[in-house]
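Chemist: Hey, can you work out the whole structure from these sequences and the hints?
Protein chains in written order, with this note's numbering: chain C, 1203 to 1498; chain L, 1203 to 1498.
Keep in mind the hints are simulated off the structure, nothing from the lab.
There's no promise every hint is true.
You can't tell identical chains apart in this list, so a pair holds if it fits in one copy or across any two.
[Said to hold, decoys possible] The calculated lysine-lysine pairs, modelled on BS3-like cross-linking and capped at a C-alpha distance of 27 Å, are:
#	residue 1	residue 2
1	Lys1498	Lys1346
2	Lys1348	Lys1498
3	Lys1381	Lys1415
4	Lys1348	Lys1415
5	Lys1381	Lys1314
6	Lys1448	Lys1415
There are 2 protein chains.
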Amino acid sequence: MSDKKSYKTVAIIGGGLIGTSLSLSIKKNNLCDVIKVYDSNIQVRKKLKERLSPNEIYESLEETVFDADLVVLCIPVGSMKEVAKSISKLLKDGCILTDTGSTKNSVIKDVKPYISQNIWFIPSHPLAGTENSGPEAGFPELFKGKYWVIVPYYSIPNEVMDNFSKFLSGSGAITEIMKPEYHDKILAITSHLPHLIAYTIVGTATDLEDQTKYDVVRFSATGFRDFTRIASSDPIMWRDVFLNNKGAVLEMLQRFTEDLTYLQRAIRWAEGDKLEDLFTKTREIRRSIIKEGQDK
Amino acid sequence: MSDKKSYKTVAIIGGGLIGTSLSLSIKKNNLCDVIKVYDSNIQVRKKLKERLSPNEIYESLEETVFDADLVVLCIPVGSMKEVAKSISKLLKDGCILTDTGSTKNSVIKDVKPYISQNIWFIPSHPLAGTENSGPEAGFPELFKGKYWVIVPYYSIPNEVMDNFSKFLSGSGAITEIMKPEYHDKILAITSHLPHLIAYTIVGTATDLEDQTKYDVVRFSATGFRDFTRIASSDPIMWRDVFLNNKGAVLEMLQRFTEDLTYLQRAIRWAEGDKLEDLFTKTREIRRSIIKEGQDK
Chain C
1203 MSDKKSYKTV AIIGGGLIGT SLSLSIKKNN LCDVIKVYDS NIQVRKKLKE RLSPNEIYES
1263 LEETVFDADL VVLCIPVGSM KEVAKSISKL LKDGCILTDT GSTKNSVIKD VKPYISQNIW
1323 FIPSHPLAGT ENSGPEAGFP ELFKGKYWVI VPYYSIPNEV MDNFSKFLSG SGAITEIMKP
1383 EYHDKILAIT SHLPHLIAYT IVGTATDLED QTKYDVVRFS ATGFRDFTRI ASSDPIMWRD
1443 VFLNNKGAVL EMLQRFTEDL TYLQRAIRWA EGDKLEDLFT KTREIRRSII KEGQDK
Chain L
1203 MSDKKSYKTV AIIGGGLIGT SLSLSIKKNN LCDVIKVYDS NIQVRKKLKE RLSPNEIYES
1263 LEETVFDADL VVLCIPVGSM KEVAKSISKL LKDGCILTDT GSTKNSVIKD VKPYISQNIW
1323 FIPSHPLAGT ENSGPEAGFP ELFKGKYWVI VPYYSIPNEV MDNFSKFLSG SGAITEIMKP
1383 EYHDKILAIT SHLPHLIAYT IVGTATDLED QTKYDVVRFS ATGFRDFTRI ASSDPIMWRD
1443 VFLNNKGAVL EMLQRFTEDL TYLQRAIRWA EGDKLEDLFT KTREIRRSII KEGQDK
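Modeler: If you want it as structure tokens, here you go:
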């Protein structure tokens, strides 16, 4: 094990967009000596063998996590509990367990009961992704320049944290420490609500009569298209996100609905000043994003 | 006047993103002999003189439309009535008058009363734009490969229509004929509702407490950012759009709200199958858009 590597053996559970991208990034950046990748689906494993080396793909959870120094759960948040239960007794002493789920309170609640004292469970969440899913969609640069949120919800020794951060930084990510509640709130407004709204409006269009629907597709370049991209994200992953961040999502949704109703009323009563005021205010946020370099 | 040109003299009223882009495109593609551009704002005229030739920029509507074969109103839809009234007596016999407004029923209602029988009023709408506005934002390729909808709401001779279509095609646009009601309905779902929703969610985020708002900006790459781009579009233009396509926007908004309420209830009651069904269905629309080549 070289001095530069945080871990000797890394096990990736789940070969979707995130798991495949992380595996490719680990190999490209030489972040460990041995990488072991597992997926429960035989078709996914077949594709993984084309993206990685066939001998890096495992058929059983037991073999995958055996002797691993770091185990990364790259699975939908709805599956965390079951997988944590399955692997908890198989992890070696001192093993670091992390996940990449989009909700953090629920993952902690689901995984924590199965983690013994000699394992360091450090939840995390890479704020990276595309609308594409599956092993074909993975690429090693996915995390480059993106935030990777770490959620150490209990006291973890500095050297354990530093080593884990160093590993994540090795993929090009910028690490950021956050409390689980705050993570779930920030993600509810920046990611979960936008996805829910995009899914809704594309669904609304889907229910239009055939000719209209066809023309909506043809003339989609006028705003709608951006929503369809977001609304083509992985259905299972997103179903689980909404079910597992219910509180924060429903709260943000309530605020959004109030604000939308206010605008709806302004349109109905032709109150142009109210519309103009809001439309002017929202430009500022865009300027802040450009200023923070988060616009690409 | 060359055989290839549809019009000798073209007058552009309004030097924003659309008016400037059209002027630059006309010059680049050599679509007329004389171009005359007007804007009521002295600062805009100053900037236009840098983007075009100073002698092409006019200070009065009267001088601008004098002797024009084609007059294009590139102004917010809320200003159409006033400008139509001002120029109606100044247009020469046989002049073509068009507009580039995002709503068509309202523009016809506002402009029609002022148009004398020797003028051909042919409303139109280029489905092209960016979130940037003003003369600095204009560029000659804006219309390239984009649809330009023509809305001839009464009988117009073929040669007049053909000549007008040829002119628009000269800018690289793909012309498409539509009825005003249908245009307003399609645009309500593909453009107006997406903009309203984007403005709303960015507004909702703007009202969060300061630290949260700052982090929303930092972690915006997860979906929210796409909405901020849309929500930084020109406030006056969009205020006018909503006030002038009230019927179609409110109808689509009603459908959208029903669909969102359905999903909200599914989240509250943890009905994962309902979420998954919709999220799977919405992927199809994205695939259709990619198939139609409208994804870039």
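Chemist: Taking the hints in turn, state whether each one holds.
Modeler: Hints and how they fare:
{"no.": "1", "hint": "Lys1498 / Lys1346", "in the structure": "both (12 Å within a copy, 24 Å between copies)"}
{"no.": "2", "hint": "Lys1348 / Lys1498", "in the structure": "both (10 Å within a copy, 24 Å between copies)"}
{"no.": "3", "hint": "Lys1381 / Lys1415", "in the structure": "between (43 Å within a copy, 16 Å between copies)"}
{"no.": "4", "hint": "Lys1348 / Lys1415", "in the structure": "between (36 Å within a copy, 19 Å between copies)"}
{"no.": "5", "hint": "Lys1381 / Lys1314", "in the structure": "within (16 Å within a copy, 61 Å between copies)"}
{"no.": "6", "hint": "Lys1448 / Lys1415", "in the structure": "between (31 Å within a copy, 21 Å between copies)"}
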